[in-house]
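Enquirer: What follows is each chain in one-letter form.
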Amino acid sequence: MAKFITLRFLQGILVLLGIYAVTFFLVAATPGSPFSSERAIQPEILAQIEAFYGYDKPTSERFIASLGNILHGDFGPSAVYANRSVTDIIAESFPVSLKLGSISLAIALLLGIPAGIIAAVKKNTWLDYVPMSTAMAGICLPTFVMGPLLALVFGLIFAVLPVAGWFGPEFVVLPSATLGLYYAAYFARLTRGGMLEMLNQDWVRTARAKGVPERTIVWKHCLKGGLIPAITFLGPALAGIISGSFVVETIFQVPGLGQWFVKGALNRDDFLILGLTVLFASLIVLMNLLVDIAQVALNPRLKYD
Amino acid sequence: MALLEVKDLRTSFYTRDGVVRAVDGVSFSLDKGETLGIVGESGSGKSVTCYSLMRLIPEPPGRIDGGTAMFDGRDLLTMSKKELSKIRGNRISMIFQDPMTSLNPFLRISTQLIESLRLHYDVDKKTAINKAIAALEEVGIPEAAKRVHNYPHEFSGGMRQRVMIAMALITEPDLLIADEPTTALDVTVQAQIMDIIKKRQEDLGTAVILITHDLGVVAGTCDKVNVMYGGRMMESGTAEQVFYEAKHPYTRSLQKTIPSLQTKGEELYTIPGLPPDVSKPIHGCAFYPRCPYPKTGKPEGDRPELVEMADGHCYADCGFCDSSAPIETVLAKTDSPDEAIETGAAE
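Going line by line, the protein sequences match chains A and B. Under my numbering, the first residue of the first sequence is numbered 1, with each subsequent residue one higher. Under my numbering, the first residue of the second sequence is numbered 1001, with each subsequent residue one higher.
For the record, the hints were derived by calculation from the structure and aren't laboratory data. Where hints are given, some of them may not hold.
Stated by the list, open to error - EDC-like, lysine to aspartate or glutamate: derived pairs with alpha carbons at most 16 Å apart:
1) B:K1256 - B:E1041
2) B:K1081 - A:E170
3) A:K123 - B:E1059
4) B:K1198 - B:D1223
5) A:K122 - B:E1059
6) A:K303 - B:E1154
Unchecked claim - Covered stretches of chain A (in silico footprint by chain B; criterion: 3 or more residues with CB under 8 Å from a CB of chain B, positions within the stretch not fixed):
7) 171 to 184
8) 295 to 302
Said to hold, decoys possible - Between beta-carbon pairs, the in silico distance windows are:
9) A:I139 - B:R1016: 20 to 30 Å
10) A:P236 - B:D1017: 35 to 45 Å
11) B:R1016 - A:F167: 53 to 63 Å
12) A:L156 - B:G1018: 22 to 32 Å
13) B:H1153 - A:I13: 24 to 34 Å
14) B:H1153 - A:T125: 26 to 36 Å
15) A:T125 - B:T1078: 20 to 30 Å
Bear in mind that the values here come from a model prediction, so they are computed numbers and not experimental data. Glycine residues also receive a C-beta, built at the ideal position from the N, C-alpha and C atoms.
The whole structure should be built from the sequences, with the hints applied where relevant.
Expert: Here it is as structure tokens:
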């Protein structure tokens, strides 16, 4: 297992290096620069700014320098927001997204997985139809509809929760519900599918023939295998959910990471783009590694190699 | 009193395309320690009969429409789920056709082996594991103490079927239902598996219902034989009666298909035509369209009842074919259906 993790870890580093290189040269090849603006800047000042950020050197040299910095944990300065480094921006907004994301994920799992199991066990009854059509609606309803809807109902009509902002525990409810319900819908459908597949297997008939009660068949015989699709989806979902959702954060004015993905790109803030890309890619790689480990733990037919 | 007495069992599947009467009035009985073979083509209702006894028919679409199955004085078909779960895996066990899919790949062999023991008896885990190891040794698994903790995918098909047998017999049941236990295995392993079932049956005094296509296996192991066709029994009796004094044209045709009884080098005999569609009403004898015997008329009305001809030997006689003719001459005379199929295929 140690060998498996080391190997996958090294693979992950290679993937990250690749992603970094591609992003860097794509950004460098994009016309314009972070310092071009509608206002004409005197050439000397522009040259000075460019020298400050290292843009006077050739691209390849800049690549090696920035790679060296990143390996030291330094994502560089923001090219747009003076006196703020990319690390500052991430340190400020990532915890917010992490908090929102973890709560959303908890909602998604605690709601979605039990709903999926119940729907599979009670197939073709109202315990299946009601949660599953709700889940289908949840998948079809984009967060930019769901969010304002929740804000309208609970923020304005019942006026029990703040509509937007990020100042205390009550401000977490609506954005995490919006994000959580969306993912809950996916988890419910995936879990139902996985459980149904397990419940239709021949070995379930064997277990019934042994006199095993239905409850034990679900928990002991089917749950492990039935969760595999949901676990597989958990990797990318986890990375996406904790690195912030631009839509949900914008609707509820949450000062999370999501907004910076958009601002960085619109402002041509090269260092910010690269920093966020590395962060997001690392999360994906890490989560996929965790999912792979979980899958081997769940499925004895898989081995660490 | 018989151990198991099945009377007029009827099981249907209510599908979108109509009602499939998979088992349409089957009666038989089985004594302690006896072996009953159920033979017939695919779709004749053999497996559904046995699944119905264990109430393992998926409902819906399936439903047991009627009949009784008295096991030790109690009706398996109407008893409560709770009572039934005390019998399943304890007093009646089952072995299934495909050992590759009948064991749970997510659980260790040990977990699956001791499951019914722990469910039905008050034994601690350690005793149960020791019993499981002994059970694996009984069915000839080498290094049982070590291998008991393996997962099913670490076993070959033949070994998995041995595990299934060990698992089914670990509670020393009164009745073992074996649903084509050797069909999915290769020929070299088939004989071993049958020997193990036979040996364990002798050790434990278990009654066995053996569902199979293999008439050779039936002749070698069974005391009694039921021949099924289109959801009904066509003939039943002792193995000797059914094999040496076969009355029903279907039984005789089945015997004719045994490869080892056919002349070497010649094309193997197959019964022409297809088994009946049991989702449509059947008038008269279900085998009539495929019957190779000389006809004296077309049977109509209800399907012929199973009638006792001599000392426990029953057969469903439609009365419209001359079954006294020796089968060889009959089959030699009526090759026409076969030819019709051949020419049809050639076109």
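Enquirer: Determine for every hint whether it applies to the structure shown.
Expert: For each hint, the structure was consulted:
Under the criterion of a C-alpha separation no larger than 16 Å, the hint pairing B:K1256 with B:E1041 is consistent with the structure, at around 14 Å. Taking the CA atoms of B:K1081 and A:E170, the gap is near 49 Å; set against the 16 Å cutoff, the hint is violated. At most 16 Å may separate the alpha-carbon atoms for a hinted pair to count; A:K123 and B:E1059 meet this at roughly 12 Å. Between the alpha carbons of B:K1198 and B:D1223 the distance comes to roughly 12 Å, so the proposed pair stays at or under 16 Å and holds.
The straight-line distance between the Cα atoms of A:K122 and B:E1059 is roughly 13 Å, inside the 16 Å bound, and the hint therefore holds. For the given pair, A:K303 sits about 12 Å from B:E1154 by alpha-carbon distance, which is consistent with the 16 Å threshold. Check result for the segment 171 to 184 of chain A against chain B: violated, 0 residues qualifying (beta carbon to beta carbon below 8 Å, three or more required). Counting residues of the segment 295 to 302 of chain A whose CB falls under 8 Å from any CB of chain B gives 4; the rule of at least 3 is met.
A hinted range of 20 to 30 Å for the beta carbons of A:I139 and B:R1016 is consistent with their spacing of about 29 Å. With their beta carbons about 42 Å apart, A:P236 and B:D1017 fall inside the hinted range of 35 to 45 Å. Distance hint check: the CB atoms of B:R1016 and A:F167 are about 58 Å apart, consistent with the given range 53 to 63 Å. Distance hint for A:L156 and B:G1018: a CB-CB separation of about 57 Å, inconsistent with the stated range 22 to 32 Å.
For the pair B:H1153 and A:I13, the supplied restraint of 24 to 34 Å holds, since their beta-carbon distance comes to about 33 Å. Checked against the hint of 26 to 36 Å, the pair B:H1153 and A:T125 passes, with Cβ atoms roughly 34 Å apart. At about 24 Å, the beta-carbon gap between A:T125 and B:T1078 stays in the expected band of 20 to 30 Å.
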